[in-house]
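So the chains spell out like this:
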Amino acid sequence: MFRTLAEVFRHGLKNRSFVIGGTISLLFFLIAFLSYFWTPYPVEDINIAEKLLKPSAKYLLGTDHFGRDILSMLIQGARNSVIVAFVAIGIGIGCGVPLGLMAAAKKGWLDELIMRFNDLTFAFPSLISAIMITAILGPGSVNSIIAIGIFNVPVFARVARGAALSIWKREFILAARSAGKGLFKISIEHILPNIASMLIVQATIQFALGILAEAGLSYLGLGTQPPMPSWGKMLNEAQTFMHFAPQLAIYPGVAIALTVMGLNLFGDGLRDVLDPKLRRRR
Amino acid sequence: MSKIKIIVTLIVLSLGIAINASSVMAAKDSLNLGMVLEPTHLDPTAGAAASIDEVVYANIFEGLTRIDKNGAVKPGLASSWTVSEDKKTYTFNLQKGVSFHDGASFEADDVVFSLNRARAEDSVNAQKALFKPIESVTSKDSNTVVVTLTQPTGSFLFNMGWGDAIIVDQASADKNKSNPIGTGPFKFSKWVKGDRIVMVRNDAYWGTPAKLKTATIKIIPDPAAAVSAMMAGDIDGFANFPAPESLAQFKSDPRFTVVIGSTEGETILSTNNQRGPFKNLKVRQAIAHALDRKAIIDGAMFGYGTPIGTHFAPHHPAYVDLIATHPYDLEKAKQLLAEAGYPDGFKGVIKLPPPSYARRGGEIVASQLRKIGIDLEIIPVEWAQWLDQVFKKRDYDLTIVSHTEPMDIGIYARKDYYFAYDSPKFQALMEKLDATVETDARYKILGDAQRLISAECVNGFMFQLAKHGVWNKNIRGLWENSPVQANDLTEVYWVD
Amino acid sequence: MKKPLVKIEDVYKDYQLPKKYLFQKAPVFRALHGINLELHQGTSFGIVGESGCGKSTLARIVMALDEPTSGTVFFDGQDLFNMPAAELKHLRRNFQMVFQDPYGSLNPRKNVMGIVAEPLDTLKEKLSYAQKKEYVAQILSEVGLNATDTDKFPHEFSGGQRQRIAIARALITRPSLIVADESVSALDVSVQAQVLNLMMDLQEKYNLTYMFISHDLSVVEYVTDQVAVIYMGQIVEQGTTKALFQRPLHPYTQTLLRAVPDVNPLNKKLKNMPVIPLFEKTLESCSFLDRCNKATRICVNNAPELLENEGQLVACFNAE
Amino acid sequence: MTLLQVQDLCVTLNTAHGPQEVISHINFSMDAGEKLGSVGESGCGKSITALALMSLLPLDSQTKGKIILEGQDILKLNSRKICSIRGNRIGMIFQEPMTALNPVKQIGAQVSESIYLHLKLTRKQTLERVTELMDKVGLPVSRFGLNLYPHQLSGGQRQRVMIAMAIACNPDILIADEPTTALDVTVQEQILDLIRELADSSGMALIMISHDLGVIAQTTQNVMVMYTGNIVEMGSTMDVFQNMSHPYTYGLFSAIPHVGSSALPGRKRLSSIPGQVPELHLRPRGCNFADRCSRASKMCKAKEPMATRVSDQHQVWCYHPLSCEDKK
Amino acid sequence: MRIFLAKRVFTLVLTLLVATLVVFVVLEILPGDPAAVMLGINAETDTLNALREELGLNRPVWVRYTHWVGDLITGNLGISYTYDVPVSELILDRITVSFPLALLAMTLSTLIAIPLGVMAASNHNKPMDFLVMSFSQIGIAIPNFWFAMLLTLLFSVTLRLLPAGGFAGWDAGIVPVLKSFLLPTIALALPQAAILARVTRSALLEVLQEDFIRTARAKGVTNQGILWKHALRNALIPVVTIMGLQFSFLLAGTIIIENVFYLPGIGRLIFQAISQRDLIVVKNLVILLSAAVIMINFMVDLLYAFIDPRLKGGGDV
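Residue numbers (my numbering), protein chains in the order written: chain A, 7 to 288; chain B, 763 to 1258; chain C, 160 to 479; chain D, 9 to 336; chain E, 48 to 364.
Bear in mind the hints are in silico, worked out from the structure with no lab data behind them. Treat each hint with caution, since some may be false.
[To be verified] Pairs of lysine-lysine, DSS-like flavour, derived with a Cα cap of 25 angstroms:
#, chain 1, residue 1, chain 2, residue 2
1, B, 1194, B, 890
2, B, 894, B, 836
3, E, 54, A, 112
4, A, 191, C, 285
5, A, 175, C, 269
6, C, 430, C, 401
7, A, 113, C, 161
[To be verified] Negatives, chain C to chain D, calculated, CB over 12 angstroms:
#, residue
8, 173
9, 231
10, 272
11, 284
12, 300
13, 317
14, 320
15, 345
16, 414
17, 417
18, 430
19, 460
20, 470
21, 478
C-beta: ideal position from N, C-alpha, C; glycine also.
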């Protein structure tokens, strides 16, 4: 239990997962941020004459079938992943946590209703539903954000509810009630701070899953649309070139795997640091 | 721990089995042909999809005439025919001793039934227009059919060679969608939905029997999977390979023959002529000048494709080369845009259907038009959405599509067509064409029509889709070009 | 007789149990069965019983944290379960609770200031932060903690200190009633003594009323003036602590007292003999029937009422 | 005859503050059939001692010294040999009957497991033995079937199952670690009686661990009082409880309210021990109790006290043991 | 137990019903006119109308819904717009590919994951643990479609050991079938196994902290005995939960994987059907898939009761 970020950080430095994962994640965010100011080449520019070049001093990672610089596309793709995953998590937390808190606080039929709704959302295989959503609304990053975001809602609702329920059983909640506090105030003042670290950890995991989901949707052509590059789309495009330009399929895949791994490691580390009693459940 | 060992052993074992099994070579009288789109059903008289014809036409079903690999009209189920003086009455003499795959014999009544069914009021034939000129169909005797036209129609014999004009048996006609019964050299065997369609040789065929014993059409919608399947030898060939980017690799691989042929597919940047800035001829001209056809062909088709300047197949004798009318000239394009009142360009949308020529071409076109200030939002759509939004509701600015029907310049005369091109001048030309039988005169009219749509920049004319045939070097007899939508397997055979 | 501070009037509390069959009426667990009690200002009232007997339920009802199924509780003459929520909230300043678990009863994410100041919200007037801080500092020093510890968090304190924080929280609104539910049972013996001493000092100082709930008979005997023994949701015996411990009348009380192991190895007391139930228990029986070695036929079909017996109240037909 | 001899036992555990010695230099021995008690507040090391006897300490802990069971040093045995001692030669009962039983196994299977492991009986013999055991602990099979799951039993019944498991192989030593702390006082009485009876009837030695002085007083012959990992006073229960010499033992006794206190005139303050048990990493040098002790001298804070003999069977580790007058 | 079952069945039915409603509402607002898809570019309006009438697309929405649910119950799933065969036939055809694939993948991932998880837990904080956890981290991070691409590249294109895709058909015999399933199974199973191994490990580690494990050790049970006889069954509860959840991930995974390996399974059918606006097929497939997931969750719940007797109910003695 730590009060300040500095304290978390100091303890984190002793944790291998935290350090490695944190470094990778930080790098990933920095790269995504960088794309707003600078990429080696503009990614919208198609230069057919220089297509499918091998890595060279000019193009550090070579070019794709349109003659675009792979490195620039990877950098832009990082930004795209961040935005999609971030907003999707925002949707998940924004809707899921209040629902979960409400379910835990009110119990009874409301709890039952919320949880059944949750089960239902879980019951639709998420990718199928995402495909359905993008098929209805049309492909595009906004719609893939919605699709991924919707499936974060039950996750956060479930985590929030489960954690909140266990907090509700604690005696300090009784103390708060004898101080005349209502369900809403208790949820905000007592429950939320106690489940925050759990939610943060879950958020990093969902972040990683969001990146994977975005890659999957873009791979199927339902996510990010051209000319905005995305890692999943790059993999899709690379697939037909795989036999003679395998590097095109390697870079984005490695980027996805590395980022997701970094975030997962960071999440694990954070969990250990924030609450050593919570063993790794995943 | 020991369990891990067991698993590893199992994997190794199964790999071993796999190796042994794959060493058994395929028999040389069967063919696995790859196809991108799965037909929705197998009745060419009830659907427009080219994929239906590509499977069954000339293999299972036959028409009165047939189109050979060069696009010439040859006798089919009609062994010969005579045309009356006024060019309005055709008398077909039918082949004798022909029977359908289910044993029913082929007679003149079947022809009468088939043609009347196709032109009937409630017909679901997708190419009803082909049968419009027909006034009546009668059987003179069991081997002779007389077709009377309302007006002379120059392309009638060619039209009778389309897949939509095949002859079916009344008894089995309704079941052809799932169990096609025709007269062709191959019989339908089975269809594993989503995977393959199997045909076997019709040993009772009336003509020269097919050389292959079985022909399997494998459905592989994904270009990448197609490459893998070819490389792995799962597929013997693709009449039309979906991934032009990998052709270079197949060319350099001694196992394969790569044949670049021509198709009837004019790939165009279809333009909504009634919408926003695109109403303005100058804007359309500016677009025409901004299109770098070479870059598009290189980028989207990896160099395979013939630039076109109008909506007409370059290999057709009536083709007029109009590429020079609107050369690639960014300055000119910008100037035209400025003249049209858009010095800073404007925003628009381009809706792209799934094929790679459209998706990739669209990205390149968008990037090219961005250079003159036209900022296009790329919206990829599925075919169904394309049909609904673009084709039916005309809710689009620009789109890219390949018009694969042969000789389809007539669509520019349909003012409710999705181009929204309403030109009385062009419509008059087409009426004149319909009334003309004389080849030279027809070609002249066709030339005028080509020049007209080129000058008016109705659409951005980009390139003629090439046919990228890739097949095992030991296969002979596959078509190099696609004068009609077909994969005629009649003469396909293996050599050692 | 003085007006009681707390009057518990015929309180029943039922909990619904999960059904065993689909169309069954949900079975009911009767946690409290007609409890009547009066607590007087400045005294300590002990509630004794084994786990699950309903003593914690009673505490929650007195604290208005749970509503009784029937019956009610009057605090200072006001019906707790029949008043507007806002009023109840303000009334809460007068009764506070000290819990059992010194670890679970303090929010680990709040500092001492946040924890101790929380009940101040029940006051009618709004206090500024500075005022609150002053209150907190004062009460902290009263319970023997450092007044400057307001920024520390619970995990920085030992168990005994935490319980002092909990007492500080309960006392900050200057309530007249403190419900102490097993407040010292989780503490080590030496610390338990410190906390008990503190509680008794505070009682003297502020004329507090304690409702002291515990399973530990010796602690209850030590702390309280009056005591009630609860068995299966019912009071089976009630009286002054001295009388009850000196001369328990109900067989259950006797069993309880005999069961406490004596610290003197020489004191080999009378042991409880294993009870072989003589009668089959029915719905009408005395609830203690199956554990009673004095049961007679009357106990089988009648539940005894709590009646006065030599100055004590006892619910037994065969009370000595 | 000496059954068990513990010499210089030290245990170091890994804690949040690094490795810490939680018990240091424990020495005691017990004879067959002896009932030994271990009493002290939480964190004094009484449970750790018991776990050390069973070699059940966490893997990252270090144990030094000797634990000699009938001439064999348990600490030197390999894990397979230790397994053959656990449950066989030494049985153990734990505090929480709720969590100490496997929730997904039937009680019959849990009781028969150690019989199956150590006695190698046939199926039928095992069943007989289990039936006999269940009878002994008061859960006759006729009423309580062997196929019940722990959650279907009450706390006292679960503790009986635990006892049946612990004595299944007729161990030489039965360790009971706070066996009744989670139970109600009436149930506690029954369980203590049961343990006592079983020990008496089978000649098992008993190590009774409890924080409750009453429990120890009523069940043991000898006792050791522990404080912060050390034995501070040891001897026959009678001697130690009647004639306590260590200020800590005395403090403990004075701090608890006794039943019958209401009979005494007036209300007395409990005499509490000032301060609190120091945390592991904050233990002082010298006598650990010195900081809380009113009798402490300079010497106490400098050097750990050695054992002082109070009587034949009574030792105390204190420089300033209490005399009779001090207690008045 | 009976009440537990009844309650679960009730929620099961309710969930299924709501699922049909959601699917119907969502899919009825899908753009795209199936009639236009069937007839293609040059079709004329009167033909389109004729077909629309035939397909019943002109009836009011609620009539279509009730008819559909009724049809679902009777098992009459209608005729596919695009394939023109009964949907049930189409689905049955595809299930023979997808179901064995999912089953194989599930089995393989379980066979890999549980021993790995146990191994890691029993060697906690040792190199073996680190190794397994590293494998698991990588497995979780790699998108399965990329993994599938790499597998194809290695085994089909470079080594030419296995087919790059396609399904030989059950009549081709078991060996070709297994051959065509091998790579997809691995591509599906390994990432799942990575997650499952992790769950198994942490669940075991958690159970190993429990008091009853100490009790078992006190009985003299050996470490191996503790692990397999006492800990594993208790640890199975979270493991089974995750396996239940994984089933729905697996279904999602098959959509991509079947597309990568062009297997004619449910996944590809649904992807095709969505792009072709074959509403009937989409509707029924989505319901089928969600029903499968709901059923699996139901079974997981029952399995809990089997693993954990506490859930079966039954009071004190």
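These are the hints, each one checked on the structure:
no. : hint           : verdict
1   : B/1194 x B/890 : holds, 20 angstroms
2   : B/894 x B/836  : holds, 22 angstroms
3   : E/54 x A/112   : holds, 21 angstroms
4   : A/191 x C/285  : holds, 17 angstroms
5   : A/175 x C/269  : holds, 17 angstroms
6   : C/430 x C/401  : holds, 22 angstroms
7   : A/113 x C/161  : violated, 42 angstroms
8   : 173            : holds, 22 angstroms
9   : 231            : holds, 30 angstroms
10  : 272            : holds, 23 angstroms
11  : 284            : holds, 37 angstroms
12  : 300            : holds, 17 angstroms
13  : 317            : violated, 5 angstroms
14  : 320            : violated, 8 angstroms
15  : 345            : violated, 10 angstroms
16  : 414            : violated, 6 angstroms
17  : 417            : violated, 8 angstroms
18  : 430            : violated, 7 angstroms
19  : 460            : holds, 25 angstroms
20  : 470            : holds, 15 angstroms
21  : 478            : holds, 19 angstroms
Of the numbered hints given earlier, the model fails hints 7, 13, 14, 15, 16, 17 and 18; all others are met.
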